[in-house]
Amino acid sequence: MFGKFLKELWHYIDVTICNIKMALMMIIEYPANLAGWMISNPIQFILGFATIKFVVEQFGEINGWNYGQLAFLYGLSVISHALSMIFFVQGWFMGWFVIEGDFDRYLTRPLGVMYQFFFTNINIFGITDLIPGICVFIYGCVKSGFEWSILKAIAIIVMLIGATLIRGGIYIMLGTTSFFTKSPMDFGQYTQEIVDKTTMYPISMYPESMQFVLTYLIPIGWVSFYPVSGLLGIGDSSYFGTSAAFMTLLVGLIVMLVAGAFFRLGLKGYESAGN
Amino acid sequence: MNKKMIEVKNLCKDYHIVKKEEGLKGAVKGLFKSEKKTIEAVRHLDFTVDKGEIVGFIGPNGAGKSTTIKMMSGILTPSSGEILINGVDITKHRKEVVQNIGVVFGQRTQLNWDLRLGESFELLRHIYQIDRNEYEETLDVMDEILDIRKIIDKPVRQMSLGQRVKGDLVAAMLHSPDVLFLDEPTIGLDVSSKYALRKFIKEINKVKQTTVILTTHDLGDIEELCERLIIINHGKMMEDGNLVDIVDRIAPYKTLVVQYYDHENIPVHHSCEMIKTEGNMAWYRFMKADITAAALISELSEKKKILDVSIEEAGIDDIIRIAYGQ
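Protein chains in written order, with this note's numbering: chain W, 9 to 283; chain F, 151 to 476.
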C-alpha cells in the first residue's frame, strides 16, 4: 500500500520535472516575453510599495504597524503572490478551458486532472514577481530589526506554503464556477485586486465585519496578516505568536481540500466542446 | 479466440441547455425565467467490439458520434449505462483505463505548439511511464511506417497539417495502447497524407493487434479500413454490422453502364431498371438476385451493338445516404 503510494508520488514528481524543463525551454524559445515581464512586474510592485512608503511618511504608522513592519508584510505577501502565479495562475483562465473543451486531453491521460491543469502550464514568468517580493521583504527585515532564528525561518517557509495554497484554492474555486455557468469569466483582475489589497496591508485597518469575513469566510487574513502579526508581535492579532504560521498552513490545506472537492464536482458536469 | 475489448451497455447521454430567446428582450427575459431543454445526444447504445477490430463510426454531423467516442475515452460522463474497456469500467476507473487507450482528435492536437515534436513525446514518455528502450523500439516501428524521425526535431508550429496529424498519431501510440480512438483523423488532409495515415492504421492493427474505433466522413477511410460499420443518427443505432453485409442489405443492386455505338433505340430489359440515358450511354440498375451481369450484357448486346460496358457497385455514399435518411 505504502509502496504503491511512493511509486505514484514518484510518477508525479517525474512528470513535474519534465514539465518544468519544458516550461524553461519555452522561455528560451521566446526570450522577449521574459524580458517584458522582467521589466513590468517589478515596476508594478515597487510602485505599490512606494505608495505605502508615502502613506506611512504622512501618517507615521498604519494601525500600529510601522514602516519596516509594513515592508515585511508587503514583501511576504508579494512572495506568496508570486508563488501562486507560478503554480496556480491557470485558475484564472479555467473558464476558457471549460468552454473550449481543453480538459479533454487531461481526461484521457493517466494522471489527476487538476494536477495536469496546473502543472502542464507552469508559469515560470511568475519568477518576475518573486524578485521585487524578496527585495522588499529583505528591506523590511532590516528596517523592522527582525531577529532570525531557525524556528522563525521554518515558520516563514511554512507560512509561504500555506499562503500559496490559500491563494491557489481561491483561484480554483472561482475558476470552477465556469463549469456551472459555462461562461469564460476571467477572474484575474478581481482576485488580484481583492487578494492583493487585503494581504499587502494589515486587515486590522478595515471595519470589524470585514475582518470577520477575511478571517473566517474567505480566509485571506491568514495569507499574511495573522502569521506576520504573530512573527513580529504586533497588536491583538499576535495572540498565536509564531504558531500562527502553522495555522496558515492548516487553513491552506483546508481551502485546498474544499477547492479540490468543488473542482471534482464541476468536472463531473464537464461537457467538452463540439467539434 | 475473440476477446471482448469494448463493451457498451445501454449507453445514454443527455445535455441540458437553456433555451435562448430572440433579441435583447428575450435575453433579459431569460435572466429571470429560463426554459431548460434536454437534448438526448446518445440513446441506448449497445455494442461490443472485439480485440483487433477496426470499427467505423459514421453518421451525419450532430448524430452523437463524437459524444460516444468522448464517453468511451473517459472525457464525458455517461448519463446512464456502462462502458467497459478490457473489462474495466472507464467511468469509475478513469486513470487505470486510459493507460490503455490512445485518442486522436483530427481537429485538435496534444502536441506542444512551441517546442520540437520530440519534447512532446518526451513528456508523454514520462506521463505513461514508458522506459527508454521500449520508447525507442516503438519509435522505430512508427518510423518505418510514417518516417516520424524525419520531423521529430521540427517545432510543431512549423508543421504542415499532415505532419502534425502524423505526430499526433504517434503520440497516441507511444504507450502501445490496446484501443485507439480516432475522431475524424483524416479531416482536411491531402491525398498522400490520407494514404499514409490509412497505411499506419492498418499496420498497427496488424502488427500490434490494436483495436481501432474511428469516426469519419471520408468514404475512402471506410472502404479501406473498416470491416465493420456502426451507423448512428439522432443518437440511436441505425446499423451495426459487416460493411459488405450492410451494403448487400441496404443496396443489393449494381449498376451496369453500357456504351452503344449510337444513341438510337436504346433497349430496355425486363429484369432491370433503366435509370438514365445520356447520348449513347445507358445506366441499368439490376438486383444481384434477379440477373447476373454477364447475362444482362449478352441479352442487351443481342438487341443493340455494344461498344463498352462497366459495372458500378452500390457506393458507400449510397448506403450512408439511405441509412441517414431513415
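Honestly, the hints are just simulated from the structure, not real lab data. Do not rely on the hints blindly, as some may be mistaken.
Cβ-to-Cβ under 8 Å is the rule here; a few derived chain W residues that face chain F [as the list claims (entries may be wrong)]: (1) Cys26; (2) Met30; (3) Glu279.
Derived DSS-like pairs (lysine-lysine); straight-line CA-CA distance at most 30 Å [as the list claims (entries may be wrong)]: (4) F:Lys169 - W:Lys29; (5) F:Lys242 - F:Lys349; (6) W:Lys276 - F:Lys426; (7) F:Lys304 - F:Lys344; (8) F:Lys201 - F:Lys170; (9) W:Lys276 - F:Lys344; (10) W:Lys205 - W:Lys61; (11) F:Lys344 - W:Lys29; (12) F:Lys438 - F:Lys453; (13) W:Lys190 - F:Lys304; (14) F:Lys159 - F:Lys170; (15) F:Lys404 - W:Lys276; (16) F:Lys453 - W:Lys276.
The structure displayed is predicted, hence computed values, not measured ones. Cβ atoms here follow ideal geometry from the backbone N, Cα and C, with glycine treated the same way.
Q) Which of the listed hints are broken here? A) 4, 5, 6, 8, 9, 11, 13, 14, 15 and 16
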